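K.L.:
Chain by chain, the residues run as shown.
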Amino acid sequence: MIPNKLVETAFRRWYLLILPMLLVPALIAVLTPTSPKYRSTATVWVTKPANIDGGSLSRNANPYLTTAQNQAQVIGDLMQTRSFREAVAAGVPGMSRESSNVVATSVSISALGTNLVGVNGTASTPERAQALVNSVLTQYQQRAAEESQRESTVVIDYYTEQLAPAQAELAKRESALTSYAQGKSIQQLNADPTYAALSSSVDAQNTVVQGILNTIQTAQLTALSGPESEKALFNVVDAPRLPAAALPVSAKTKVGYPFAGLLFGALIGTAYIYVLFRTDHTIRTSQDLNGLNVPVLGFVPNLSAPRHGPLGLVPGWLPGRGNRDFARQVAASISGSD
Amino acid sequence: MAINISNHTRADLQEAIREIHLIAGLADGSAPGVNSQHGSFAIGVTSPDYGDGKTTIAIALASSLSEDFGSEVTLADTDFHTHSIARQYGLERSEGIAEVLSGQSQLAAVTHRTRSTATMSIVPAGKVPADPARMARSEHLAALVESMKATSRYVVFDLPATLHSMTAPVLAQRCDGVIVVARAGHTTRQDLERTLHLLSNATVLGVVMNRQSTSVPTWAQRMLAMRP
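Chains as they are written, first to last, in our numbering: chain A, 1 to 338; chain B, 1 to 228.
Among the hints, erroneous ones may be present.
[Stated by the list, open to error] Derived Cβ-Cβ restraints for the label pairs, each shown as a range: (1) Ala143/B <-> Ser286/A: 22 to 32 Å; (2) Leu23/A <-> Ala220/B: 19 to 29 Å; (3) Thr270/A <-> Gln190/B: 18 to 28 Å; (4) Asn7/B <-> Leu276/A: 43 to 53 Å; (5) Ser304/A <-> His164/B: 17 to 27 Å; (6) Leu276/A <-> Arg222/B: 17 to 27 Å; (7) Phe11/A <-> Gln190/B: 20 to 30 Å; (8) Leu6/A <-> His164/B: 24 to 34 Å; (9) Pro36/A <-> Arg222/B: 51 to 61 Å.
Calculated directly from the structure, the hints in this document are not laboratory data.
The model shown is predicted, which means the values in this text are computed figures rather than measured ones.
Even glycine gets a Cβ: it sits at the ideal position worked out from N, Cα and C.
Just chain A, with the same shape it has in the complex (with noise of 0.2 Å):
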């Protein structure tokens, strides 16, 4: 059951119920953004997962993901970095790098399929869109080139240090091989284990050499090449194109959002209203004398005055003794007395 109070509260104070079912929905329409949105989108085939960091990453590829879940994945994290935030704002016209916060927004990466990975870039003017696209690609391509090209450089130096010691070493057991075979016929040598074990030693050296040096100049070629193979790894299929039209309001930011705004104002007019019941304890209604084990003799109507100002506009609201002179005048006409 309702307490008569409550609902007296209620429609006393009707507007406090209006007022925020109005005002809330009103405060979101004025912040929800309503100028025209447009979305750019790249579509990118990966053969594998390139990356910057492609050996590491190949290892550590999470193998029940697709190959474009992983590309997805790396260049997502990419995108948690202000430095690359910075870099692809820079590289769109308008946009400073401070709004790198904008560019995390702004873009969204998707695997699509098996190996297709999707760059979305969206952006209040379609050049704007186009080119928050091209600069995300362009930043990749440019920090996966220079990355493998760091990473074979290290190679190199490292296997170059290696290189020396172990042609020394080569050439030490050279020397020895041909200082032992000194003076002795073929036939001899053939047969000396001696002989045997220095030869076998110079081979097993040949060989890591020979080892070296060829990862030396794949790690060469590959800093060469690295430009060109992340190309080919991170394959640009459909390059970004300048949106013909704005993205379509959705019925959320439409209907949703001033609905719900709807639905906080009730709420805000509601515990309002209530914690105005529950605060008020004043008496208003017969339950309100529950308990006092006094009975109530009867209800007498509030008597307002007539309004006498100025063009009859003085409020009946206003404080004064106008309406207890009246009650009195009306109390003492009930048995015709002045």
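For chain A, the structure is supplied; the task is to place chain B on it using the hints.
P.N.:
For chain B alone, kept in the frame of chain A given last:
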């Protein structure tokens, strides 16, 4: 300034006061104390606070008792702070109860007939006594009340506001019954509880809710089966 009072407004108040007669047992003499020595009844009207409407209810009650039953009714002002009754009937400078109790005047001399009704008399409060509390406790007052009851079937006392004057509970004990006026939307439950506690030695007939109004439309009242 003359005020236009519509018949509708007057009738609303009159009906509300008649309901009070009925429920308090004033109409059929079933109220406690009505079978007192003179077969008359002294009713005190008080409220927790000033401005709650006790004077209005006292005037309306006295007028209605006089009009409806044709009985002799005396409306006595014992609120020495406000002199509301005297002001209402233009008796501000007249002597009253204070002078009778101090022996300076006689009850008959301070009793004024209303101009339009032959059965209703007014007794103003008079000048503020030096010690109202002592006066309220005096046997002179008890005798005065009995004198009034001897000449009138109903004596309606406009008592002071209970939470502002400790004279009110004492005066209330001199009455056969007390009506407590609460102002809807203004009087708090705590104030009313305190008032009833102070009047615990008097016979409280009940509570009258004054200035009752509702913002709930009729359809909603019907739908929710609301009662005042």
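K.L.:
The structure should be examined with respect to each hint, and the outcome stated for every one.
P.N.:
Now the hints, each set against the structure:
1. One distance hint, 22 to 32 Å for the beta-carbon pair Ala143/B and Ser286/A, is violated here, with the actual separation near 39 Å.
2. Taking 19 to 29 Å as the suggested C-beta distance range, the pair Leu23/A and Ala220/B conforms, at roughly 25 Å.
3. The hinted window of 18 to 28 Å between Thr270/A and Gln190/B holds, with their beta carbons roughly 27 Å apart.
4. Look at Asn7/B against Leu276/A: about 37 Å separates their beta carbons, and that is not inside 43 to 53 Å.
5. Between Ser304/A and His164/B the beta carbon distance is about 25 Å. The supplied range of 17 to 27 Å therefore holds.
6. The beta-carbon spacing between Leu276/A and Arg222/B, approximately 24 Å, falls within the hinted interval of 17 to 27 Å.
7. Distance hint check for Phe11/A and Gln190/B: the Cβ-Cβ separation is about 25 Å, which falls inside the suggested range of 20 to 30 Å.
8. Separated by about 31 Å at the C-beta atoms, Leu6/A and His164/B satisfy the suggested range of 24 to 34 Å.
9. For Pro36/A and Arg222/B, the Cβ-Cβ distance of about 52 Å falls inside the hinted range of 51 to 61 Å, so the restraint holds.
Checked against the numbered hints above, the structure breaks hints 1, 4 and satisfies the rest.
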